[in-house]
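Based on the provided sequences and hints, a complete structural model is requested.
Number of protein chains: 2
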Amino acid sequence: MQKPTSVKTWPEIEFWFEFASNYSYLSVMRIEELASLYQVKIKWCPFLLGPIFKSLGWNTSPFVLQKNKGDYVWQDMARQAKKYGLAWTQPTQFPRPSLLPMRVAAAYNDAPWIADFCRSVMQINFVQDRDIDSATVVQQVLTDLALDANLILRDMESDENKIKLRQQTELAITKKIFGAPSFIVEGQLFWGDDRLEDALHFARTVYERN
Amino acid sequence: MQKPTSVKTWPEIEFWFEFASNYSYLSVMRIEELASLYQVKIKWCPFLLGPIFKSLGWNTSPFVLQKNKGDYVWQDMARQAKKYGLAWTQPTQFPRPSLLPMRVAAAYNDAPWIADFCRSVMQINFVQDRDIDSATVVQQVLTDLALDANLILRDMESDENKIKLRQQTELAITKKIFGAPSFIVEGQLFWGDDRLEDALHFARTVYERN
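Protein chains in written order, with UniProt numbering: chain L, 1 to 210; chain H, 1 to 210.
None of these hints come from the bench; they were simulated from the model.
Any given hint could turn out to be false.
For chains that are exact copies, the list does not tell them apart, and a pair is met inside one copy or across any two.
Unchecked claim - Subject to a maximum C-alpha distance of 20 Å in a straight line, what follows is the list of computed EDC-like cross-link-like pairs (lysine to aspartate or glutamate):
#1 LYS82 <-> GLU197
#2 LYS176 <-> ASP76
#3 LYS43 <-> GLU32
#4 LYS176 <-> ASP198
#5 LYS83 <-> ASP194
#6 LYS54 <-> GLU170
#7 LYS43 <-> GLU186
#8 LYS82 <-> GLU208
#9 LYS175 <-> ASP71
#10 LYS82 <-> GLU186
#11 LYS82 <-> ASP194
#12 LYS69 <-> GLU170
#13 LYS69 <-> ASP194
#14 LYS176 <-> ASP194
#15 LYS83 <-> GLU197
#16 LYS176 <-> ASP71
#17 LYS83 <-> ASP198
#18 LYS69 <-> GLU186
#19 LYS41 <-> GLU12
#20 LYS175 <-> ASP76
#21 LYS43 <-> GLU170
#22 LYS83 <-> GLU186
#23 LYS43 <-> ASP116
#24 LYS69 <-> ASP198
Listed below in structure tokens is the structure:
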């Protein structure tokens, strides 16, 4: 007799992302529906790109430092967003500071509302073209999710939560992550929104094999 | 009465590539079959990456300069090659000098044997893991294509042919190309083997619209 499939747990994908990263926007908007299709569980892993860029000797995004690549990225983003049916506005500020919403995401990365929270923050940055690193904005996002925004925001001031995001970033470096979005499945790294489907397919395939 | 379709010319994709570039290997191996599927004509545009990297202050490939990204690229290449059913060997020398075969490709970029020549050179670099920048190797490739190898190689010593590759590289810079492979369709730039299908789809779509 076969075990009922509901007893099985789903395989897991680590999803490493940054609210300041435009290609992370595509993955944040796409991952939940796709992961459900592949029957893969998402582990939300927010981390800061800044320290990783700094370790490479860069003081900002390579899309700012390399002019031709930067110009290209906005053409590519418009085409990719259209291909995936996603709204898109080229941000007037890039990369945007993202510390406060990143701290919330790190502190509540396994909350049932994490996907909704991340999509809302990303849409403010890359559709509404508005600042995301402000208490007012984050409070509104949390309130719209029917959460106790004041409680959560007060909680962000604790050392524990500040350290949590820093630790996530250090963990990303340990895992040899060099850009966002990145995906890790069974210790294998996949980089870029273009590899999301491959990473999910790999998670499902390895799981079926075992 | 409809015009017979044979009267129509096919839309064109400019394919900018480098024999030293591993992601160009994927596109060189894939493009002819795909372009035929989309009914798009390929304009083969070899160019040197070295001067473009130099203009960014780099003395070699970013895959060498950024260690984590470099380590990742070889994992990604193995997976991508497998996905596309292509043979793959991680080269023991990277990036390999490519000047002589690049000159041949630039001089004969509209020859009927250009696709075969490019695939052979790429396979020597990325499957056989052998040097490509030698008269012996290029001579063998040309001979295998039933061409007069001695005549072609002698021709590569002319100033005209040396200048041709240099001009191609300058043209690439004018077109704001910053990496390889790149594709240009109707003035729009697409970067990376991952965008090959998108570029071909765009060529076909714009053509149908007109």
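Okay, the hints, checked on the actual structure:
Both within a single protomer and between protomers do LYS82 and GLU197 lie at most 20 Å apart by alpha-carbon distance, with minima of 18 Å and 15 Å respectively. In this assembly of identical chains, the alpha carbons of LYS176 and ASP76 lie at most 20 Å apart only when taken from different copies (14 Å versus 26 Å within one copy). Proximity of LYS43 and GLU32 under a CA criterion of 20 Å is satisfied intra-copy only: 11 Å inside one chain copy versus 40 Å between copies. Taking the shortest Cα distances, LYS176 and ASP198 sit within 20 Å of each other inside one copy (19 Å), while across copies they are farther apart (30 Å).
Taking the shortest Cα distances, LYS83 and ASP194 sit within 20 Å of each other both inside one copy (12 Å) and across copies (14 Å). Taking the shortest Cα distances, LYS54 and GLU170 sit within 20 Å of each other inside one copy (13 Å), while across copies they are farther apart (32 Å). In this assembly of identical chains, the alpha carbons of LYS43 and GLU186 lie at most 20 Å apart only when taken from the same copy (13 Å versus 41 Å across copies). With identical chains, the CA atoms of LYS82 and GLU208 are at most 20 Å apart between copies only, with a shortest distance of 19 Å across copies and 33 Å within one.
Taking identical chains as interchangeable, the C-alpha atoms of LYS175 and ASP71 lie at most 20 Å apart only when they sit on different chains, with a minimum of 12 Å there against 30 Å within one chain. In the homo-oligomer, the alpha carbons of LYS82 and GLU186 lie at most 20 Å apart only across protomers (18 Å), although the nearest pairing inside one protomer, at 32 Å, exceeds that limit. In this assembly of identical chains, the alpha carbons of LYS82 and ASP194 lie at most 20 Å apart whether taken from the same copy (15 Å) or from different copies (16 Å). For the identical chains of this complex, LYS69 and GLU170 are inter-copy neighbours only, at 17 Å across copies versus 27 Å inside a copy, given an alpha-carbon limit of 20 Å.
In this assembly of identical chains, the alpha carbons of LYS69 and ASP194 lie at most 20 Å apart whether taken from the same copy (17 Å) or from different copies (16 Å). Taking the shortest alpha-carbon separations for LYS176 and ASP194, only the intra-copy value of 19 Å comes in at or below 20 Å, while the best inter-copy value is 22 Å. Taking CA atoms no more than 20 Å apart as the test, LYS83 paired with GLU197 passes in both settings, with 15 Å inside one copy and 12 Å between copies. Proximity of LYS176 and ASP71 under a CA criterion of 20 Å is satisfied inter-copy only: 9 Å between copies versus 27 Å inside one chain copy.
For the homomeric pair LYS83 and ASP198, the shortest alpha-carbon distances inside one copy (18 Å) and between copies (9 Å) are both at most 20 Å. In this assembly of identical chains, the alpha carbons of LYS69 and GLU186 lie at most 20 Å apart only when taken from different copies (19 Å versus 32 Å within one copy). Taking CA atoms no more than 20 Å apart as the test, LYS41 paired with GLU12 passes inside one copy only; the shortest distance there is 5 Å, against 43 Å between copies. Proximity of LYS175 to ASP76 under the C-alpha cut-off of 20 Å is restricted to the inter-copy arrangement: shortest distance 16 Å between copies versus 28 Å within a copy.
Only within a single protomer do LYS43 and GLU170 lie at most 20 Å apart by alpha-carbon distance; the minimum there is 17 Å, versus 46 Å between protomers. Taking the closest pair of Cα atoms, LYS83 and GLU186 come within 20 Å of each other only across two copies (18 Å); inside a single copy the shortest separation is 29 Å, beyond that limit. Within a single copy, LYS43 and ASP116 get their C-alpha atoms as close as 14 Å, which meets the 20 Å cut-off; across copies the closest is 45 Å, which misses it. Only between protomers do LYS69 and ASP198 lie at most 20 Å apart by alpha-carbon distance; the minimum there is 18 Å, versus 25 Å within a single protomer.
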